[in-house]
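I would like the entire structure built from these sequences, with the hints used as guidance.
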Amino acid sequence: MPLQNEKNETSPRGPIIELALDSIGLRFGSYAVLTDLSFVVPRGQFVALVGPTGCGKSSVLNLVAGLLKPSTGSLWTGGRLLESINRDAAYMLQQDGLLPWKTVLENVMLGPILRGTPKVQATKDAEAWIDRVGLRGFKERYPSQLSGGQRKRVVMAQALINRLPLLLMDESFSALDVQTRALMETEFLELWQELKATVLFVTHDLEEAIAMADRVLLFTAGPDAHLKGDYAVPLPRPRNVGEARFIPGFTELYETVWRNLKEEVMATYVR
Amino acid sequence: MSGEKRAHVFALQTLLLIGSAAAWEWASRSRWIDPFFFSQPTVFGRRAMQWLIEPGFLLGGHSVYHHLLVTMQEMIGGLVLGVGFGVVVGFALGRSRFWSAVLNPYIQVLNALPRLVLAPIFVLLLGIDERSKIALGFSLVFFIVFFNAYRGVRDVDRNIVNNARMLGASEAQLARHVLLPSAMTWILSSLHTSVGFALVGAVVGEYLAAAQGLGWIISQAQGNFDAAGVYAGMLILCVVVIVVEVGVTRLERRLIRWKDINETMFA
Numbered sequence: 001m002p003l004q005n006e007k008n009e010t011s012p013r014g015p016i017i018e019l020a021l022d023s024i025g026l027r028f029g030s031y032a033v034l035t036d037l038s039f040v041v042p043r044g045q046f047v048a049l050v051g052p053t054g055c056g057k058s059s060v061l062n063l064v065a066g067l068l069k070p071s072t073g074s075l076w077t078g079g080r081l082l083e084s085i086n087r088d089a090a091y092m093l094q095q096d097g098l099l100p101w102k103t104v105l106e107n108v109m110l111g112p113i114l115r116g117t118p119k120v121q122a123t124k125d126a127e128a129w130i131d132r133v134g135l136r137g138f139k140e141r142y143p144s145q146l147s148g149g150q151r152k153r154v155v156m157a158q159a160l161i162n163r164l165p166l167l168l169m170d171e172s173f174s175a176l177d178v179q180t181r182a183l184m185e186t187e188f189l190e191l192w193q194e195l196k197a198t199v200l201f202v203t204h205d206l207e208e209a210i211a212m213a214d215r216v217l218l219f220t221a222g223p224d225a226h227l228k229g230d231y232a233v234p235l236p237r238p239r240n241v242g243e244a245r246f247i248p249g250f251t252e253l254y255e256t257v258w259r260n261l262k263e264e265v266m267a268t269y270v271r
Numbered sequence: 272m273s274g275e276k277r278a279h280v281f282a283l284q285t286l287l288l289i290g291s292a293a294a295w296e297w298a299s300r301s302r303w304i305d306p307f308f309f310s311q312p313t314v315f316g317r318r319a320m321q322w323l324i325e326p327g328f329l330l331g332g333h334s335v336y337h338h339l340l341v342t343m344q345e346m347i348g349g350l351v352l353g354v355g356f357g358v359v360v361g362f363a364l365g366r367s368r369f370w371s372a373v374l375n376p377y378i379q380v381l382n383a384l385p386r387l388v389l390a391p392i393f394v395l396l397l398g399i400d401e402r403s404k405i406a407l408g409f410s411l412v413f414f415i416v417f418f419n420a421y422r423g424v425r426d427v428d429r430n431i432v433n434n435a436r437m438l439g440a441s442e443a444q445l446a447r448h449v450l451l452p453s454a455m456t457w458i459l460s461s462l463h464t465s466v467g468f469a470l471v472g473a474v475v476g477e478y479l480a481a482a483q484g485l486g487w488i489i490s491q492a493q494g495n496f497d498a499a500g501v502y503a504g505m506l507i508l509c510v511v512v513i514v515v516e517v518g519v520t521r522l523e524r525r526l527i528r529w530k531d532i533n534e535t536m537f538a
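Taken in sequence, the protein lines are chains Z and W. Residue numbers are given in the numbering used here: position 91 of the first sequence equals residue 91, and the series is strictly consecutive. Residue numbers are given in the numbering used here: position 46 of the second sequence equals residue 317, and the series is strictly consecutive.
Note that these hints are calculated values from the structure, not bench results. Note that the coordinates shown come from a computational prediction; the quantities given were computed from them, not determined experimentally. Accuracy of the hints is not assured; some may be wrong.
Estimated spans, in silico, between C-beta atoms of each pair [said to hold, decoys possible]: (1) A175(Z) - K276(W): 44 to 54 Å; (2) Q179(Z) - V359(W): 44 to 54 Å; (3) V359(W) - E140(Z): 31 to 41 Å; (4) R429(W) - R136(Z): 26 to 36 Å; (5) Q179(Z) - N430(W): 19 to 29 Å; (6) D428(W) - Q179(Z): 21 to 31 Å.
In silico lysine to any residue, SDA-like type, Cα no more than 20 Å apart, as pairs [to be verified]: (7) K102(Z) - L526(W); (8) K124(Z) - Y142(Z); (9) K530(W) - P100(Z); (10) K102(Z) - R447(W); (11) K102(Z) - R429(W).
Quick look at which bits of chain W chain Z covers, simulated, 3 or more residues with Cβ under 8 Å [said to hold, decoys possible]: (12) 420-432; (13) 438-451.
Glycine included, each C-beta is placed from N, C-alpha and C at the ideal position.
Here it is in structure tokens:
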């Protein structure tokens, strides 16, 4: 019998591990941002990281991206020890990093071009992605000519076009107005379900975290931040982010996580 | 700006020019200011026209166009060399923290030195022909461009660099897609100043020691107590500067289309 060549989401021994953090510590000088942080993310899971401000959530993304090096512990992605920039991860930064001297089209096709895709193919892919994020007709514009919501759409296309297995998102939708935000979150979930990427999603908004994720990781207040809680989100998919809070089970989970989060938020005030 | 407003601005600009020239003319004719020192717009204007349209009117055996050409060549020579070296050195030091730390005090000292005092050295070293003027222009332009290229490379937005890295950029690709375009905006915004300084290098160099060029014409007129000749030379210089300035602004618009650059005329 020929070997099965299909990409299976699970192996006989259980789900494939996309990302593993093993007792990670991160220090800046004498300040310990993270201490003994460990968690494992199976392939295809959407994980939200929540916690009080300054707890090092964004640092976790930078570690997984390979932009920061852990002071102690080891970090594995796709079964390999991460030692430099993570070539398997797309990163939607909190402050977008669009290149102001490139048009929307040039920005979106940048990833494929940098990774060696021929220009004709890259242009075709980029145009398709620009259509998918709803920016048809804007491809010749420069970022400075776009609204905040349109810029986010470009960022999304730029990050997703490389079809990388791991997607890192830092407060990706937080700067948007409420209506645009719910709309884009729902659109993003549709794209994500199609791409089947593993997602690490940092947010300060618990409602957003539960509405979008499969799993919520709660961090303690820094310094020495580590995991305080690990909650599975039992809501069905596909979800509409704007209406998720009406689904039974949402409120119960929200209250549980919020009680714990509140303790940590109070702890940051006491200091 | 709307078309109507632009016409308005242009009309006022013209009025301001005519008004100040008329005031000058009147003040000089009524002996309110001494025409020996200040001349009159009609007199030096006529002189400049004479230089420009009477082919028999020679200055030091050459037409004014010859002198203009010499000055322009010197200016372009100083500009091209200064910009070229400034970009390369600025880029290199911007990329290397180690070497910029090593060379920093020397660059600061050289920059603090008033470069015009180098003019006599350049004349001794290179003679009174074009080369000493090009060298002077170079010494003025180099530092402006150098500092701008250096800052351009240093001040790149960290987010943009990280984003490009995550998208898959190698070091060489990072330089090409991020650092160079970022430095470009700084270099171009310094180009207005650089062009001005290249011209200063050429004209001052000619003024000090030369046998031709606009600076030489002005220096000759000064030697003959000919105020009209000095002002006529300055008038031609002004026109040259304006033409060059318009060219630079056009170039800038082409190269940094992505940025709103309406304010650069005053930057």
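Against the structure, the hints come out as follows:
no.	hint	in the structure
1	A175(Z) - K276(W): 44 to 54 Å	35 Å, violated
2	Q179(Z) - V359(W): 44 to 54 Å	51 Å, holds
3	V359(W) - E140(Z): 31 to 41 Å	33 Å, holds
4	R429(W) - R136(Z): 26 to 36 Å	32 Å, holds
5	Q179(Z) - N430(W): 19 to 29 Å	26 Å, holds
6	D428(W) - Q179(Z): 21 to 31 Å	29 Å, holds
7	K102(Z) - L526(W)	12 Å, holds
8	K124(Z) - Y142(Z)	19 Å, holds
9	K530(W) - P100(Z)	8 Å, holds
10	K102(Z) - R447(W)	12 Å, holds
11	K102(Z) - R429(W)	17 Å, holds
12	420-432	holds (count 4)
13	438-451	holds (count 7)
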